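This is what each chain is made of:
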Amino acid sequence: MRTIKLPDSVELPTLLDPFDQQEPSGPDATGIYDFYRNLAEGDLTTTKCKDCGKLNFPPVIVCPNCLSDNLEWVRIPEVGELYAFSVMALGVPAIIDGYAPFVVAIARFGNYPDEGIQISGIIFDSKYEELKIGDKVKWEIVEIQGPGEKKRYWYCFRKI
Amino acid sequence: MRTIKLPDSVELPTLLDPFDQQEPSGPDATGIYDFYRNLAEGDLTTTKCKDCGKLNFPPVIVCPNCLSDNLEWVRIPEVGELYAFSVMALGVPAIIDGYAPFVVAIARFGNYPDEGIQISGIIFDSKYEELKIGDKVKWEIVEIQGPGEKKRYWYCFRKI
Amino acid sequence: MRNVAIVAAGITKFGVREASWKDLVQEAGKAVFDDCPNLDRKDIDSLFVGAAQPERWVYQTHVAPLVAELLGIDVRRVIARTEIACASGQAAIRYAWLSIATGLSDVALVLGVEKMNTKFMPLSQTCMVNVGNREFDGPNGFTAPPFFAMVAQRHMHNYGTTKEQLALVRVKNAKYGAMNPYAQFQKEVSVEKVLGSRMISPPLTLLDCSAMTDGAAAVILASEEKAKELTDTPVWILGGAQSVLHSHTVNQFGELSEWLGLRKAAKEFYSLTGLSPDKIDFAEVHDCFTISEIIEYEELGFCKKGEGGKFIEEGDSYIGGKIAVNPGGGLLSNGHPLGATGIRQAWEVVMQFRGEVPKDRYVDGAKVAMTHNLSGMAQLHHIMGYSTEKPKEIKFGR
Amino acid sequence: MRNVAIVAAGITKFGVREASWKDLVQEAGKAVFDDCPNLDRKDIDSLFVGAAQPERWVYQTHVAPLVAELLGIDVRRVIARTEIACASGQAAIRYAWLSIATGLSDVALVLGVEKMNTKFMPLSQTCMVNVGNREFDGPNGFTAPPFFAMVAQRHMHNYGTTKEQLALVRVKNAKYGAMNPYAQFQKEVSVEKVLGSRMISPPLTLLDCSAMTDGAAAVILASEEKAKELTDTPVWILGGAQSVLHSHTVNQFGELSEWLGLRKAAKEFYSLTGLSPDKIDFAEVHDCFTISEIIEYEELGFCKKGEGGKFIEEGDSYIGGKIAVNPGGGLLSNGHPLGATGIRQAWEVVMQFRGEVPKDRYVDGAKVAMTHNLSGMAQLHHIMGYSTEKPKEIKFGR
Ligand SMILES: [Zn+2]
Ligand SMILES: [Zn+2]
Numbered sequence: 001m002r003t004i005k006l007p008d009s010v011e012l013p014t015l016l017d018p019f020d021q022q023e024p025s026g027p028d029a030t031g032i033y034d035f036y037r038n039l040a041e042g043d044l045t046t047t048k049c050k051d052c053g054k055l056n057f058p059p060v061i062v063c064p065n066c067l068s069d070n071l072e073w074v075r076i077p078e079v080g081e082l083y084a085f086s087v088m089a090l091g092v093p094a095i096i097d098g099y100a101p102f103v104v105a106i107a108r109f110g111n112y113p114d115e116g117i118q119i120s121g122i123i124f125d126s127k128y129e130e131l132k133i134g135d136k137v138k139w140e141i142v143e144i145q146g147p148g149e150k151k152r153y154w155y156c157f158r159k160i
Numbered sequence: 001m002r003t004i005k006l007p008d009s010v011e012l013p014t015l016l017d018p019f020d021q022q023e024p025s026g027p028d029a030t031g032i033y034d035f036y037r038n039l040a041e042g043d044l045t046t047t048k049c050k051d052c053g054k055l056n057f058p059p060v061i062v063c064p065n066c067l068s069d070n071l072e073w074v075r076i077p078e079v080g081e082l083y084a085f086s087v088m089a090l091g092v093p094a095i096i097d098g099y100a101p102f103v104v105a106i107a108r109f110g111n112y113p114d115e116g117i118q119i120s121g122i123i124f125d126s127k128y129e130e131l132k133i134g135d136k137v138k139w140e141i142v143e144i145q146g147p148g149e150k151k152r153y154w155y156c157f158r159k160i
Numbered sequence: 001m002r003n004v005a006i007v008a009a010g011i012t013k014f015g016v017r018e019a020s021w022k023d024l025v026q027e028a029g030k031a032v033f034d035d036c037p038n039l040d041r042k043d044i045d046s047l048f049v050g051a052a053q054p055e056r057w058v059y060q061t062h063v064a065p066l067v068a069e070l071l072g073i074d075v076r077r078v079i080a081r082t083e084i085a086c087a088s089g090q091a092a093i094r095y096a097w098l099s100i101a102t103g104l105s106d107v108a109l110v111l112g113v114e115k116m117n118t119k120f121m122p123l124s125q126t127c128m129v130n131v132g133n134r135e136f137d138g139p140n141g142f143t144a145p146p147f148f149a150m151v152a153q154r155h156m157h158n159y160g161t162t163k164e165q166l167a168l169v170r171v172k173n174a175k176y177g178a179m180n181p182y183a184q185f186q187k188e189v190s191v192e193k194v195l196g197s198r199m200i201s202p203p204l205t206l207l208d209c210s211a212m213t214d215g216a217a218a219v220i221l222a223s224e225e226k227a228k229e230l231t232d233t234p235v236w237i238l239g240g241a242q243s244v245l246h247s248h249t250v251n252q253f254g255e256l257s258e259w260l261g262l263r264k265a266a267k268e269f270y271s272l273t274g275l276s277p278d279k280i281d282f283a284e285v286h287d288c289f290t291i292s293e294i295i296e297y298e299e300l301g302f303c304k305k306g307e308g309g310k311f312i313e314e315g316d317s318y319i320g321g322k323i324a325v326n327p328g329g330g331l332l333s334n335g336h337p338l339g340a341t342g343i344r345q346a347w348e349v350v351m352q353f354r355g356e357v358p359k360d361r362y363v364d365g366a367k368v369a370m371t372h373n374l375s376g377m378a379q380l381h382h383i384m385g386y387s388t389e390k391p392k393e394i395k396f397g398r
Numbered sequence: 001m002r003n004v005a006i007v008a009a010g011i012t013k014f015g016v017r018e019a020s021w022k023d024l025v026q027e028a029g030k031a032v033f034d035d036c037p038n039l040d041r042k043d044i045d046s047l048f049v050g051a052a053q054p055e056r057w058v059y060q061t062h063v064a065p066l067v068a069e070l071l072g073i074d075v076r077r078v079i080a081r082t083e084i085a086c087a088s089g090q091a092a093i094r095y096a097w098l099s100i101a102t103g104l105s106d107v108a109l110v111l112g113v114e115k116m117n118t119k120f121m122p123l124s125q126t127c128m129v130n131v132g133n134r135e136f137d138g139p140n141g142f143t144a145p146p147f148f149a150m151v152a153q154r155h156m157h158n159y160g161t162t163k164e165q166l167a168l169v170r171v172k173n174a175k176y177g178a179m180n181p182y183a184q185f186q187k188e189v190s191v192e193k194v195l196g197s198r199m200i201s202p203p204l205t206l207l208d209c210s211a212m213t214d215g216a217a218a219v220i221l222a223s224e225e226k227a228k229e230l231t232d233t234p235v236w237i238l239g240g241a242q243s244v245l246h247s248h249t250v251n252q253f254g255e256l257s258e259w260l261g262l263r264k265a266a267k268e269f270y271s272l273t274g275l276s277p278d279k280i281d282f283a284e285v286h287d288c289f290t291i292s293e294i295i296e297y298e299e300l301g302f303c304k305k306g307e308g309g310k311f312i313e314e315g316d317s318y319i320g321g322k323i324a325v326n327p328g329g330g331l332l333s334n335g336h337p338l339g340a341t342g343i344r345q346a347w348e349v350v351m352q353f354r355g356e357v358p359k360d361r362y363v364d365g366a367k368v369a370m371t372h373n374l375s376g377m378a379q380l381h382h383i384m385g386y387s388t389e390k391p392k393e394i395k396f397g398r
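Residue numbers (my numbering), protein chains in the order written: chain A, 1 to 160; chain B, 1 to 160; chain C, 1 to 398; chain D, 1 to 398.
In case anyone wonders, no lab produced these hints; they're calculated from the structure.
Check before you lean on any hint, since a few could be wrong.
In silico lysine-lysine, DSSO-like type, Cα no more than 30 Å apart, as pairs [unchecked claim]: (1) 228(D) / 359(D); (2) 163(D) / 305(D); (3) 305(D) / 132(A); (4) 132(A) / 310(D); (5) 163(C) / 136(B); (6) 395(D) / 392(C); (7) 13(D) / 187(D); (8) 392(D) / 392(C); (9) 163(C) / 159(B); (10) 151(B) / 48(B); (11) 193(D) / 359(D); (12) 279(C) / 228(C).
All of these numbers come straight from a predicted model, not from anything done at the bench.
When you get a sec, could you build the whole thing from the sequences and use the hints?
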């Protein structure tokens, strides 16, 4: 599993930290905490409306299609297709700037748009020149270490 | 001279630093740099319009009264009168939070409003209970150390 | 010009919420749409968002399209976020009103939201330093509590206002807040409790101050034609005035106990709407601190200058008094999520006009209401008027 | 409804400025007032500020009253700051227009400003991550350059657009920018220079991208009656449309090369104003990247879908071509201080209509212009129209 180490010396993370606080409770709680819990357990998931069937990404607590809050978590298919990509070199959040440049991509998973999603993600392990539209990619989990002992989770793409 | 020490470990000051960058040139330059240079030399100053005579505080590069940019720097009288005061305990900029609680005050210098100004300032050396409206106060210079080797200057009030 | 009405209102519970900024948006959105069953969301052509500092509190900007996406709204006329600190919500309503009045928009969602509580409260509080002039007053720790404390000190100095009178404002607003299930604080308090609570910035104690709050509120505005299709109980906008006293920095404030900006705003408001305090059934005013409400009694013309303390002491601002002020519990009880507050006030007006509030905080038969916000260190004042009766003509200008 | 005109315009030099945010405000303010010698500043009753992220770039919020104080303006009707990222300036003009059209305001200052350059550029650039969904696309480094690079990739993939065609947009805009003394970049460039400049996000090189820029621009808007007193060369507002494609996050974008939101905005704009591309003398469009202008040719109906590359290749968007696009040099030459850009475009319209631009970038006899901004990752599109001739009637709605 790929690891990103955030500097411990940034004492005041919320202004500088591009990652959500990802808390299940307390003032930093998020109603989509299950997304992060599932990431920690190795699954990239999102919400699907049980009333109208709409698949949303990012996950939501209210369906934007029918306003239902009757939602379920569904796993995003592991393998998708590279839709577009480029390179991120400037303007990376300062605390993860050390990882740039890297490939930024959009990939489609499932049957977009009706029964699939289109999401952004970083590709760490391929160079821009090695990629082409239509390549198969899979998502995989990233561990975000720090600040301090804190561990959070995210995802990236890998060409297969 | 009172000294405030900022922590060195905040690597990204512009988002967290309540003090102006106070630069004479470069992208952080300020048109009122003379205000800071004068502070460094021990003087609290502001701009006065040479065309309409209006005294401004904060200092400006264009007179808001007549739009002239023909301005001069004038020294603020050293002794003024305490107009109002209270205590600051919460919501202090996080990197100087260690200095709270302190007295925050408004004092009038010169003949306000026509030929004087009313400004805010911290009083470090008196307790709230020791002060009353109308007390004589003087301004004095504060050195802001850090981050790193950086030195900047500010002012505070002292009861006399 | 077309008449404009609020046709629906929705709100989240205010408080230290276990909810993200986006959660709050979705909750308020669902609430307002649930309040408007006749509405096809496709008819919403415009979106006005009130938000003060999502850039710092939740590290997000360009928030209006985010709200649109979260609520499935397909804007085709006007969309933007409005910021004027503590009055961002009311200012967003004003723009929606103007847009519908001209005919550019027909049906608009106005949503105000703020997420102010995090696990790092010193940092969240730091974000208030830049509401004033961060370069000159910010380094002196000049945020709202010490500033309004100095306002109180000057008012006490000039007019003999007492701490007990300040406390009575909280007592009244806590009484009404105790009957408001959406309020952050729903408990009555005594004068002794207010005076004995933790000192924040003397003379203001904890209970003299409104809180850092998470919350969202939303209203749907519509043209007269659309309003008829959508509701039987439209709340008509009577217009409003707004004023700034050429001030941002302490030097321009002059005498702190005189809010000349509000005095001028009130005069413009009464002149444009033809209203006067005796024609207003209740007022939702910006009691960010107890002293604020006392000065607002005076500058809004509810009593003579300097007699605000006496006004609350004699119970004149209670329901049944001379004019009911903050029957919704005010900012003191509801809390003050900056972008949401002005829209929470409009929500209160809608609920009052419909009679959908508990009996003991209901202003019986209320037909005309005013809402007031100040922003920042009272640098600006903003007023709007609402009525159950459709105005014959709205005077926009001189 | 009342007709509304721009009666004065002022601008600062754009670029990496040795000037603070407040300095820029004062410069632009002085410039616009100097452009309006008949104006008594006391007649300005309203202030509309366009600003995207002063909270992060200069640690200041509640910026509207700060502008009022710096420029000695005594607002008594409407004041607020408008944020819609890259289109904040145009959105502020729209609100001023609505306010004057209704009669609420008579004379309004609209000022847009952004200070984006600091000594800590990685941090300043970090502030762009939150223009998109900072929780989902932000951590993936999803800022404008890689996003518009992917847009270019898809457009090349679907329509065969070439890097050379992209470069030709910069060549044209650099030509006009070289004659604009306020522009950040005032130098002509060749296709080879564009292709050979530093790769930022492939296929986009440095010269395919607009810059991080400091700058401010201001216009004064007035009612017809007031406009007559203030100028002999009023620029009349023809109205505008605005559209969002229900999108904030990547998942909602669909096919990146199709800007359906802009297609819809254009349709609404032409329908409301009665204009069509052949009736427009020039367009100031949002060329944040070279690819943007190419897609804008298509979606604004200047050419067929997919033929934007050919359109520039054949010189159709030069002055003297089918329609002059960005005779002011566009964002590519001027730079892009977010809050100021939409107002810089209005300034260009004023200068063109007055003929106060160098001969070789003057659209001879121009009488009708359109301005376009997108915001964020093209999630939103905003259009306005201007004319030297007073419209008989403005259609606000259907
Ligand atoms: Zn659904
Ligand atoms: Zn002057």
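For each hint, the structure was consulted:
no.: 1; hint: 228(D) / 359(D); verdict: 28 Å, holds
no.: 2; hint: 163(D) / 305(D); verdict: 18 Å, holds
no.: 3; hint: 305(D) / 132(A); verdict: 24 Å, holds
no.: 4; hint: 132(A) / 310(D); verdict: 25 Å, holds
no.: 5; hint: 163(C) / 136(B); verdict: 26 Å, holds
no.: 6; hint: 395(D) / 392(C); verdict: 23 Å, holds
no.: 7; hint: 13(D) / 187(D); verdict: 15 Å, holds
no.: 8; hint: 392(D) / 392(C); verdict: 27 Å, holds
no.: 9; hint: 163(C) / 159(B); verdict: 26 Å, holds
no.: 10; hint: 151(B) / 48(B); verdict: 27 Å, holds
no.: 11; hint: 193(D) / 359(D); verdict: 26 Å, holds
no.: 12; hint: 279(C) / 228(C); verdict: 26 Å, holds
Going down the numbered hints, you'll see the structure goes against none, and every one checks out.
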